[in-house]
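Asks: For reference, the chains in residue letters:
Number of protein chains: 6
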Amino acid sequence: MADHPYLQEAGAGFKDRYLTKVSEIIKEYKKDKGQIEGAGMIGAPLSKSSISHSGACLAPQTIRNALGAFTTYAIEEDIDISQVPLYDVGDVEMHMTDIAQSQQRIFETVTSIFRANPSWLPIVLGGDNSVSFPAIKAYAENKGTVGVIQFDAHHDVRNLEDGGPTNGTPFRSLLESKVIEGKNLVQVGIRDFSNSKTYRRYVEEQGGQIYTMKDVRERKITEILSEAMADLVSRVDSVYVSLDMDVVDQSQAPGCPAIGPGGMDTRELFEGISYLGSLKLVGGLEIVEIDPTVDIRDMTSRVAAHVILHFLKAKSICKAL
Amino acid sequence: MADHPYLQEAGAGFKDRYLTKVSEIIKEYKKDKGQIEGAGMIGAPLSKSSISHSGACLAPQTIRNALGAFTTYAIEEDIDISQVPLYDVGDVEMHMTDIAQSQQRIFETVTSIFRANPSWLPIVLGGDNSVSFPAIKAYAENKGTVGVIQFDAHHDVRNLEDGGPTNGTPFRSLLESKVIEGKNLVQVGIRDFSNSKTYRRYVEEQGGQIYTMKDVRERKITEILSEAMADLVSRVDSVYVSLDMDVVDQSQAPGCPAIGPGGMDTRELFEGISYLGSLKLVGGLEIVEIDPTVDIRDMTSRVAAHVILHFLKAKSICKAL
Amino acid sequence: MADHPYLQEAGAGFKDRYLTKVSEIIKEYKKDKGQIEGAGMIGAPLSKSSISHSGACLAPQTIRNALGAFTTYAIEEDIDISQVPLYDVGDVEMHMTDIAQSQQRIFETVTSIFRANPSWLPIVLGGDNSVSFPAIKAYAENKGTVGVIQFDAHHDVRNLEDGGPTNGTPFRSLLESKVIEGKNLVQVGIRDFSNSKTYRRYVEEQGGQIYTMKDVRERKITEILSEAMADLVSRVDSVYVSLDMDVVDQSQAPGCPAIGPGGMDTRELFEGISYLGSLKLVGGLEIVEIDPTVDIRDMTSRVAAHVILHFLKAKSICKAL
Amino acid sequence: MADHPYLQEAGAGFKDRYLTKVSEIIKEYKKDKGQIEGAGMIGAPLSKSSISHSGACLAPQTIRNALGAFTTYAIEEDIDISQVPLYDVGDVEMHMTDIAQSQQRIFETVTSIFRANPSWLPIVLGGDNSVSFPAIKAYAENKGTVGVIQFDAHHDVRNLEDGGPTNGTPFRSLLESKVIEGKNLVQVGIRDFSNSKTYRRYVEEQGGQIYTMKDVRERKITEILSEAMADLVSRVDSVYVSLDMDVVDQSQAPGCPAIGPGGMDTRELFEGISYLGSLKLVGGLEIVEIDPTVDIRDMTSRVAAHVILHFLKAKSICKAL
Amino acid sequence: MADHPYLQEAGAGFKDRYLTKVSEIIKEYKKDKGQIEGAGMIGAPLSKSSISHSGACLAPQTIRNALGAFTTYAIEEDIDISQVPLYDVGDVEMHMTDIAQSQQRIFETVTSIFRANPSWLPIVLGGDNSVSFPAIKAYAENKGTVGVIQFDAHHDVRNLEDGGPTNGTPFRSLLESKVIEGKNLVQVGIRDFSNSKTYRRYVEEQGGQIYTMKDVRERKITEILSEAMADLVSRVDSVYVSLDMDVVDQSQAPGCPAIGPGGMDTRELFEGISYLGSLKLVGGLEIVEIDPTVDIRDMTSRVAAHVILHFLKAKSICKAL
Amino acid sequence: MADHPYLQEAGAGFKDRYLTKVSEIIKEYKKDKGQIEGAGMIGAPLSKSSISHSGACLAPQTIRNALGAFTTYAIEEDIDISQVPLYDVGDVEMHMTDIAQSQQRIFETVTSIFRANPSWLPIVLGGDNSVSFPAIKAYAENKGTVGVIQFDAHHDVRNLEDGGPTNGTPFRSLLESKVIEGKNLVQVGIRDFSNSKTYRRYVEEQGGQIYTMKDVRERKITEILSEAMADLVSRVDSVYVSLDMDVVDQSQAPGCPAIGPGGMDTRELFEGISYLGSLKLVGGLEIVEIDPTVDIRDMTSRVAAHVILHFLKAKSICKAL
Ligand SMILES: [Ca+2]
Ligand SMILES: [Ca+2]
Ligand SMILES: [Ca+2]
Ligand SMILES: [Ca+2]
Ligand SMILES: [Ca+2]
Ligand SMILES: [Ca+2]
Ligand SMILES: [Ca+2]
Ligand SMILES: [Ca+2]
Ligand SMILES: [Ca+2]
Ligand SMILES: [Ca+2]
Ligand SMILES: [Ca+2]
Ligand SMILES: [Ca+2]
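So the sequence lines, in the order shown, correspond to chains U, S, G, B, Z and D. This note's numbering numbers the first residue of the first sequence as 1 and each following residue consecutively. This note's numbering numbers the first residue of the second sequence as 1 and each following residue consecutively. This note's numbering numbers the first residue of the third sequence as 1 and each following residue consecutively. This note's numbering numbers the first residue of the fourth sequence as 1 and each following residue consecutively. This note's numbering numbers the first residue of the fifth sequence as 1 and each following residue consecutively. This note's numbering numbers the first residue of the sixth sequence as 1 and each following residue consecutively.
What the hints contain is simulated information worked out from the structure, not anything from laboratory work. Check before you lean on any hint, since a few could be wrong.
Any copy will do: because identical chains look the same in the list, a pair fits if it lies in one copy or spans two.
[As the list claims (entries may be wrong)] Pairs of lysine-lysine residues, derived as BS3-like cross-links and limited to a Cα-Cα distance of at most 25 Å, are as follows:
| # | residue 1 | residue 2 |
| --- | --- | --- |
| 1 | 280 | 214 |
| 2 | 197 | 178 |
| 3 | 197 | 21 |
| 4 | 214 | 319 |
| 5 | 27 | 197 |
| 6 | 15 | 31 |
| 7 | 143 | 319 |
| 8 | 30 | 143 |
| 9 | 319 | 183 |
Could you build all of it, start to finish, from the sequences and the hints given here?
Replies: Below you can see the structure in the form of structure tokens.
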């Protein structure tokens with residue numbers, strides 16, 4: 001537009017030529033332009049499956065927005081992640097009214113992306129926690145035996161008879177359908193007054209490992225996670241990290257449906273994610289249960305963005321385990 | 001609790017002995033305690049069927065709360081409606097994940113209430129506009145040939161192929177399933193820049209009568225409605241009033257998903273509802289599309305409460321037609 | 001993306017194939033793809049020039065968003081405006097710190113667009129009212145003698161000594177620089193307790209015509225405007241409509257910096273805009289002083305969207321005068 | 001501060017030398033500096049007396065702020081009220097815990113101001129409606145036989161046994177204590193579903209005159225008020241205007257505790273106030289029941305400010321009756 | 001309701017049969033159904049006694065709501081408190097306008113509940129801090145010599161001459177009326193820039209023990225509290241815990257009237273409450289100064305709910321001291 | 001006002017005679033009433049210079065308000081700062097439209113205040129971070145060689161070609177104009193994903209010292225600062241503390257434009273400020289980047305108030321270094 005030197009694209013903002021926003025390094029995925037080599041975000045905008053009213057279907061966009069506004073430079077380790085591949089694969093299109101069909105579409109789409117892109121490291125952006133079942137099922141079909149590190153205030157193994165697959169049942173579905181074995185499930189950050197003894201027993205009977213907030217308060221998070229990983233390494237082919245953001249204290253992640261006090265500090269969370277991201281065995285990440293309609297200044301989506309960035313930074317200096 | 005003279009029920013507020021709150025006259029419906037003779041509210045808390053994210057599932061409770069806080073005395077006509085029966089029938093229980101099943105439950109439940117209570121005058125509290133199809137279908141099965149006066153900014157006759165029965169399709173479903181005939185559908189308050197020519201033509205081809213906001217601005221609302229009723233009276237056994245609250249201007253009904261300027265004034269709405277309520281032929285009312293999560297001080301639910309009260313006042317002095 | 005049937009572009013929403021959203025008809029302006037024939041919006045995102053703190057720089061995007069979500073069908077006149085050209089020319093890029101330079105860029109950019117597109121009908125999206133000076137100056141250089149119909153609660157002819165060209169001075173600048181003659185300025189909606197006698201006298205001494213809210217309340221708006229146009233038609237080559245949204249009552253346009261009661265009703269505004277849009281002589285429109293950061297659910301931007309749509313509808317059935 | 005040319009008082013804003021803000025004409029009342037000749041505002045910041053939780057104690061300051069930001073020029077009549085006296089007398093200091101004592105202090109303070117300033121025209125800024133009893137009692141002791149025009153959605157004649165003098169009882173107290181006679185009380189704007197038949201009958205038995213919202217909708221407000229004044233003029237020495245802001249529709253006065261639809265339009269209110277202010281017989285005004293903690297952008301305080309300004313404008317061109 | 005299988009009580013939500021919500025274990029207190037054995041909540045909804053405007057009268061309901069939504073299972077200690085008795089005694093009915101009478105009613109009601117239920121462990125839900133005087137006075141009349149552990153940012157020993165018993169004076173009243181002796185008062189969490197030297201000296205002269213936030217930051221909270229309890233055990237018959245929620249940092253308890261930075265962390269608070277709850281000597285708890293009208297998503301009421309739950313958990317495994 | 005015992009100044013609140021609010025000790029600066037001896041706040045209400053839309057121009061007043069509501073008594077050290085001088089010098093008057101002129105006025109005004117008050121200890125209240133350049137330049141001209149301790153999540157050394165002196169460039173300007181030498185700049189709290197490698201290298205090449213959040217998390221803040229001060233003491237005549245409030249975590253300082261997780265805890269900040277304030281060498285403080293329009297209950301301004309109070313407390317017990 002040579003004749004109108006000051007005319008810019010509608011809505012364009014300020015650009016500092018010496019600073020790279022994460023928005024600038026995100027590559028759009030086009031199947032006919034080659035495969036994804038590395039991390040790729042995929043939105044699973046489903047929250048009609050939530051037990052209580054939730055706007056988590058809107059989170060893929062608020063997380064993308066929050067992510068895009070941070071920069072690629074990790075000063076603490078003097079690493080610039082601008083060369084680390086980060087694709088935006090798109091969103092799975094939800095059916096307007098058929099939730100089971102929506103969940104099936106998540107499974108099929110994640111599966112088809114893996115088929116076309118064997119090196120893909122998926123970062124699934126929920127949506128509510130119900131997306132974990134189809135996402136992890138597709139992950140497991142591609143990866144072999146899978147272990148899951150689940151950050152959550154809740155077990156999420158509710159019975160399936162009462163209302164079908166909701167955001168309270170994903171790990172029940174995963175265990176009952178044998179997608180993952182109980183001994184390969186590790187739950188971190190489980191909180192007082194937010195669960196039931198029945199479901200705790202269920203997880204334990206399945207062989208699952210539980211670390212409550214008392215463990216998080218009294219031990220270092222990296223110590224907990226390396227203990228868990230040491231246990232998993234001999235049994236699984238790949239580890240998937242599932243982050244329900246309500247594991248964080250309500251004062252730091254106010255935009256989750258089921259907020260409460262007594263949760264994890266973001267310093268603990270970032271340290272844990274950084275540790276896990278640094279391990280070769282860890283090959284997938286999901287972030288769920290952020291409802292932007294009840295958040296404050298998208299704070300909770302900003303926490304999600306830092307989780308992704310710490311994960312990518314760690315991936316860029318990956319250790320074996 | 002004679003020993004504790006100042007102890008009251010938790011949450012109880014101030015009671016003026018000379019003033020009756022509507023909350024005091026609402027009767028809970030108990031099947032084994034006799035039939036409903038007159039108006040009875042039933043909640044249809046479904047909004048997972050909405051095209052855009054909606055919290056309309058929460059409206060039955062906010063409307064009940066707003067209603068309960070007004071009084072029974074209609075000073076303009078010097079009528080106290082405290083002897084006019086008003087039941088709270090309850091809510092239809094929604095399925096967590098199967099929307100078609102939820103809609104079916106609304107149909108079955110309205111049907112079963114009618115079977116047990118032939119004199120019931122239903123007041124359906126949505127939920128989104130998708131509840132109109134099962135509600136009106138059940139109404140028609142009980143009443144015979146039905147006419148519908150639909151207050152709405154939108155036609156709501158979207159095609160059904162793209163995403164199934166949503167809050168954009170109820171009147172399409174009603175027409176295609178022959179629950180109501182096109183000539184017995186009257187749409188009032190249809191607004192500029194909120195519809196398509198295709199859907200307008202569809203309504204007209206079906207024989208439906210359309211009054212746009214231009215008609216509302218230029219003619220008296222009672223003149224419009226009496227013209228419509230004069231036309232319906234010879235053809236139908238009963239008339240059902242469907243009120244999508246977004247027919248009202250955004251400044252007066254800010255809590256609807258699809259707000260915009262150019263809408264109806266509440267004075268016009270109350271006058272229209274009072275006219276319709278005064279006619280014997282009018283036997284049902286629904287109020288849909290209020291999303292309390294985006295409302296301001298429950299203003300829109302308070303408008304809904306006044307609609308119900310004006311309707312009841314008019315019913316108490318019912319004219320033949 | 002044949003292999004991933006449910007994968008859609010990130011953030012894509014529901015599409016009804018029989019309904020056209022205004023977002024679908026807006027053409028992006030590309031100079032090398034031919035000229036603009038008809039209306040074209042241009043954003044002037046400047047509010048650092050405001051006397052009080054204002055976020056009006058964000059309004060071009062919220063107006064675009066609001067506009068895009070309405071449909072092209074004007075049911076009141078049975079006109080579909082989807083064939084009426086509507087371009088999005090883009091935003092003028094503001095300097096970060098040099099406000100005079102930003103205003104100069106508005107002038108230069110509007111001028112250069114006119115040079116390349118002689119048939120352009122500009123719709124300028126502010127920004128604050130300070131953008132009116134450079135925008136109208138550029139308009140006048142292209143059109144000849146210009147008359148302005150200014151909807152505003154305020155005269156906006158503050159003295160220029162105290163703080164330079166602000167959102168309180170645009171019409172002073174236009175008059176003093178002889179861009180428009182006083183007798184060709186018509187102010188509509190001027191409000192009690194919001195102005196000074198000095199500035200009223202100034203406008204009158206310049207020959208300007210003032211219609212206060214008393215006139216608006218007591219006469220029909222179309223009568224006022226046709227009186228004003230009858231006066232202008234013999235003297236000017238073109239008429240530009242300047243809409244400061246604070247002319248509307250605070251209950252209907254809550255997102256303006258200087259809100260108050262006693263303002264115009266949107267019914268009056270839309271009727272006035274529709275009348276003006278229908279006249280061939282009217283060749284430009286601007287909407288200023290919407291601050292989305294203090295608005296409620298973008299209500300005020302939605303009013304702006306309807307203003308644009310009524311203007312386009314009227315243009316599509318243009319009368320001579 | 002000659003050495004620091006750009007140093008201004010902390011918080012000082014922009015000053016236009018040709019425009020007078022109302023804040024500039026308000027005179028602080030200092031007893032030893034002479035008497036008040038004309039209007040004087042006095043704050044009665046009491047809302048602990050409210051039946052429901054209310055922040056109306058904060059309204060005197062938000063009304064003052066809103067008032068101060070408007071200008072002195074009434075363009076509709078070409079009158080500048082900058083020479084009309086407007087004093088700020090201050091606030092009555094409330095007792096922290098003894099509500100009866102607070103009400104007594106309002107009575108004593110208004111009385112003592114009148115004693116020292118016989119020409120005072122009081123403008124009482126509530127506070128909740130309970131302040132009307134002590135304020136009007138003091139007014140009547142000074143003025144003789146008093147008539148009251150009460151704008152209110154509610155009668156406010158609740159029984160006094162249940163909870164003592166609250167914001168629901170002021171007119172009961174005034175009638176029972178014979179401060180005003182029933183036939184000298186005129187209630188305007190009384191609303192459907194907000195009152196009880198018992199209290200309506202009580203007002204009528206006392207001889208009071210009631211105009212409901214139906215009267216307001218169907219007749220001109222000035223016609224109603226001149227009818228009422230014609231009746232009062234022969235019987236009373238002075239008329240006091242009591243404005244409970246909840247008489248206005250909830251969309252235009254959202255910041256009142258007891259909001260609802262079906263209320264008065266501000267155009268009707270301003271016309272009524274202007275008419276009353278223009279009469280010599282009208283000698284006092286109070287504005288109550290604005291709770292700034294639930295208001296939106298102080299809209300309701302801005303309406304109050306315009307009420308005061310229209311009242312002063314009318315006073316400046318006072319007619320006999 | 002056998003004929004309407006999907007009809008549920010209005011407003012009923014989802015029920016997981018393997019999980020117990022606290023709302024399910026709360027027993028309503030009915031005097032004729034036996035005595036309270038254990039903890040029982042009683043609401044003291046008084047905040048008209050606050051120095052600044054406060055909505056703390058609304059907190060008993062928001063705390064109950066928050067409490068009811070958590071579950072009974074304390075996973076950290078593998079304890080289910082569903083067998084721990086928790087009664088809801090109700091609210092003390094406040095007088096509308098007589099604050100002293102309201103405070104007297106709190107005293108009389110707590111006293112009468114104790115008389116009828118000698119084993120009652122009271123949990124008093126304020127209300128503002130002024131309720132502490134009547135509540136603790138009633139407690140002491142029943143229990144003998146009482147010690148108080150007061151968590152608070154402030155001393156709350158203001159002089160009583162200036163405004164009577166407010167939320168700033170409860171401990172002054174308790175000391176001056178000899179309800180508790182100074183040496184039996186322990187203040188924890190007293191904060192910089194929130195108090196005066198005069199009042200600190202007063203507490204010290206009375207023999208009270210003060211732990212500031214510096215102590216909390218530099219020592220473990222359990223160390224502080226066991227030091228305090230070791231001192232009290234020989235002198236008192238019972239210890240009452242008074243929690244003014246503003247002792248917590250503003251970022252974690254945003255819904256208190258007097259918020260500020262530099263406060264206690266909820267981890268510290270929960271640890272302290274758990275320690276105190278585990279001691280037999282501790283026989284009462286109150287939570288005051290939560291104003292839900294300024295809170296964010298009821299976060300502060302959720303903190304209160306966890307305080308109660310930690311207290312009950314500790315009580316269920318009570319140690320002697 | 002002896003005759004009206006309960007009449008108080010409009011808006012006056014409750015006064016406890018034994019407690020001193022900070023508002024009571026702030027002295028207004030009047031040049032002709034003698035010099036400032038000690039700390040004096042000066043507002044620099046400029047945020048039109050911000051890259052993104054910012055209301056930081058409003059922060060001087062919200063910080064003053066927050067400060068005024070705390071008390072003078074520092075209980076942790078048993079120090080009452082009511083005798084410590086604290087002046088309010090006023091605000092620098094900003095030009096409406098010429099930002100470079102506004103920045104120049106800050107420089108000239110700070111300079112002229114120093115000239116008239118050689119013992120002045122400036123506390124500059126921004127405004128955005130762009131005010132640091134003129135403020136520190138004026139400080140340095142008065143003090144000689146200056147060192148700066150900058151608390152900030154960001155380096156703020158953006159290039160100056162792209163958009164002129166903004167809130168992203170102040171330290172670039174200071175270094176390039178040789179106002180401060182690179183080796184005398186210490187940046188504390190620099191955060192991951194918020195900066196670029198280019199700008200980090202720039203700071204290092206200039207000789208600046210950088211402490212990232214990793215340092216803050218892993219070392220004590222006083223250890224970091226005493227290391228930095230030990231380095232500076234031999235080279236500089238005075239040290240100025242620059243606090244960009246976004247150094248604090250978003251959960252504790254939510255009212256900054258560029259919020260994010262991973263920031264400093266207020267306990268760390270207050271400890272650091274207290275240490276610095278205790279050193280004689282430290283002679284100035286500024287607080288910038290608080291935008292009250294996006295804050296929650298002015299929490300961030302309250303943090304700023306505690307920063308000032310901790311600084312003054314430390315100054316009152318000043319150590320040499
Ligand atoms: Ca969870
Ligand atoms: Ca979960
Ligand atoms: Ca609609
Ligand atoms: Ca509809
Ligand atoms: Ca204006
Ligand atoms: Ca203007
Ligand atoms: Ca009222
Ligand atoms: Ca009233
Ligand atoms: Ca306190
Ligand atoms: Ca306290
Ligand atoms: Ca920064
Ligand atoms: Ca900065």
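Asks: May I ask which of the numbered hints given earlier this structure violates, with the numbers listed in increasing order?
Replies: Hints that this structure does not satisfy do not exist here, as all of them hold.
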